[in-house]
Structure formats: C-alpha cells, structure tokens
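A.B. asks: Start from the sequences and build out the full structure, keeping to the hints where you can.
Residue numbers (the numbering used here): 1 to 292.
For the record, the hints were derived by calculation from the structure and aren't laboratory data.
The beta carbon of each residue, even a glycine, is placed where N, CA and C say it ideally should be.
Since no wrong hints were added, every one of them can be taken at face value.
Here are the computed lysine-lysine pairs in the DSS-like style, where the Cα-Cα straight-line distance is at most 25 Å: (1) K45 - K6; (2) K45 - K233; (3) K227 - K49; (4) K6 - K49; (5) K45 - K57; (6) K57 - K227; (7) K227 - K6; (8) K45 - K227; (9) K66 - K49; (10) K6 - K233; (11) K45 - K66; (12) K57 - K233; (13) K6 - K57; (14) K6 - K66; (15) K66 - K227.
Ranges of calculated distance between the beta carbons of each label pair, as one might list FRET restraints: (16) R14 - K110: 49 to 57 Å; (17) L198 - H261: 12 to 20 Å; (18) S109 - Q215: 34 to 42 Å; (19) T179 - I156: 24 to 32 Å.
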Amino acid sequence: MINVEKVGYHIAGRPLLQNVSFVAETGQLLAIIGANGAGKSTLLKILSKELAPDSGKVEMRGENLKSIRSNQLARFRAVLAQNNALAFNFNVSELVMMGRYPHFDGSPSKQDHEIVEYALQQTDITHLRDRIFLTLSGGEQQRVLLAKVLAQLTDIEDIYGLPHPVPQPKYLLLDEPITGLDLYHQHNLLEIIRTLTLRNFCVIAILHDLNLTMQYADKVLILNSGKTIAFGKPVQVMTPATIFSAFHIPVDIIHPPEYTHPFIVHSRSFSEQPMLEEKWGRSNGQSQGFYL
Numbered sequence: 001m002i003n004v005e006k007v008g009y010h011i012a013g014r015p016l017l018q019n020v021s022f023v024a025e026t027g028q029l030l031a032i033i034g035a036n037g038a039g040k041s042t043l044l045k046i047l048s049k050e051l052a053p054d055s056g057k058v059e060m061r062g063e064n065l066k067s068i069r070s071n072q073l074a075r076f077r078a079v080l081a082q083n084n085a086l087a088f089n090f091n092v093s094e095l096v097m098m099g100r101y102p103h104f105d106g107s108p109s110k111q112d113h114e115i116v117e118y119a120l121q122q123t124d125i126t127h128l129r130d131r132i133f134l135t136l137s138g139g140e141q142q143r144v145l146l147a148k149v150l151a152q153l154t155d156i157e158d159i160y161g162l163p164h165p166v167p168q169p170k171y172l173l174l175d176e177p178i179t180g181l182d183l184y185h186q187h188n189l190l191e192i193i194r195t196l197t198l199r200n201f202c203v204i205a206i207l208h209d210l211n212l213t214m215q216y217a218d219k220v221l222i223l224n225s226g227k228t229i230a231f232g233k234p235v236q237v238m239t240p241a242t243i244f245s246a247f248h249i250p251v252d253i254i255h256p257p258e259y260t261h262p263f264i265v266h267s268r269s270f271s272e273q274p275m276l277e278e279k280w281g282r283s284n285g286q287s288q289g290f291y292l
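C.D. replies: Have a look at this one:
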C-alpha cells in the first residue's frame, strides 16, 4: 500500500498541498478528483518522487519513499505523466521497450520482447508497432505511453498466469490517463486498470470524468485548494455537497435500478448557486472533510 501522512507542499510561500493524508491499498484503484488547481498533479508528483514534500511523509512497501533509490523504485513503480513530450523519432515498439530498461543490462531478453508484445496487445496498438511515435494522433500516443508503463511493471508470470515466486505489490501512477481517448478506449484503459488491481497492483489515477470515477474507482480522494474534502468509497463520499464544494456546480445523484452504480448529472441553473453556497459552503478549501 501507499501511506500518505500529513503531506504539505509550498511554492514561494503559497500552499499547494496542506496536511493531506490517506492510504491507497494494493488491489484497488484510487481516483484523485478536484477542480483545476486543486493540487492533484502536485500530489502525484510527490507520490512519484518528482517532488519532495515540505512536511509529512510518503511510505511505499512500508519504506519511506525518500529512502528508496530511483533504480530500485523503477522496478515496481511506474508513472504516466500528463505531459510526455517526446521529440525523438522512435517507433512504437522501441518506445514501449524503454519501459523494460530498469530490468536488463545491455540487450533485452526474449522475455522482455514477450512482455512488450503483451503490452502492445493489452493496449490495442499492435498494428502501430512500426509507426513513428510523433506521427500518431494524441489518443494513439496516450495508448503507447500506457503500454510503456505497463511493460515496465509486467513480469513474465503475469502473461502466462503463473504464480510469482515472491509476490510483491506494484504501483502505477497515472495523471489524466484517459485524456484524448475516445469512448471505447477510455473504458478499455479503465478495464485494463481493473485487471491490474487483481494482480496485486495499487493504481492511483487523476480523473476528470466523475461518472467514470463512480463506475471504476474503489476509493476517491477529493481535493480542493490543496486540502482534502473527502476520502472513501465513491458512493459514500461523492455527494452533491462534496461535489459542489470541490467544483462549485450543483449536481444530482441518480441510480437507475438497471445499473450497478449511480450517475452524476448537473441539476440546477447557476442562478441558484448563492443558496447552495450558503447551504454547503463556497469552494474555498474550508469544507468539512469526510473520511469513510
């Protein structure tokens, strides 16, 4: 699991994260949601060791993240960042193979090539294997980058359904992974993530689609102005009150009987917002936190 305790981060005296605490369990997808500027990407950068917190700590596999060497970390933690600008003319297979770099010295093995092929298949891009990455559409590039991190964390046992000699949790951090994907590939990616959680993965993803979050996430962390509004199961913490506090928009939660999960819909005109602000509080990071 990933244990986050009272994490804070400031830039030029301005707080971007304040006293954020939560536990992300192995075998679950934790979605981080919140308005633009809520601190989501900053938090993910701290979890990926790109930034160091000013206060608090992050533990991964029971060890303080700051004490884990980068080359060791790369063997069990992969990151799909929001901006992956690549200016090199690699083809798709070559780029996905880069995900295997932490696992070999010199040349890739037969198993490394098998894992790359598996990652291409899982992300539905085998037909793109020889294409130059820069010639692909934005959605295709996103799927290639997902294949790269999938290759980084996949073992040969995963491909053939074999037991691991010493099972260890793995961690996948995703910053807006479904951005630029069409509807089919949004659900396809989230189904892949759901499969990964069954393989001892802990997945943390920043998502903007609240209905996909409700459908796929096991836990949700809602941020606003760098503070935690709510943390828990989606159906318990994604309420009209918490969503209004985070996004400043009124919603209704509906649950048609033929579906296994609720849906979030915009409910009222903006003219009614002053009344809601008085009832639930304006989106200013001062809302009461919910932990379930």
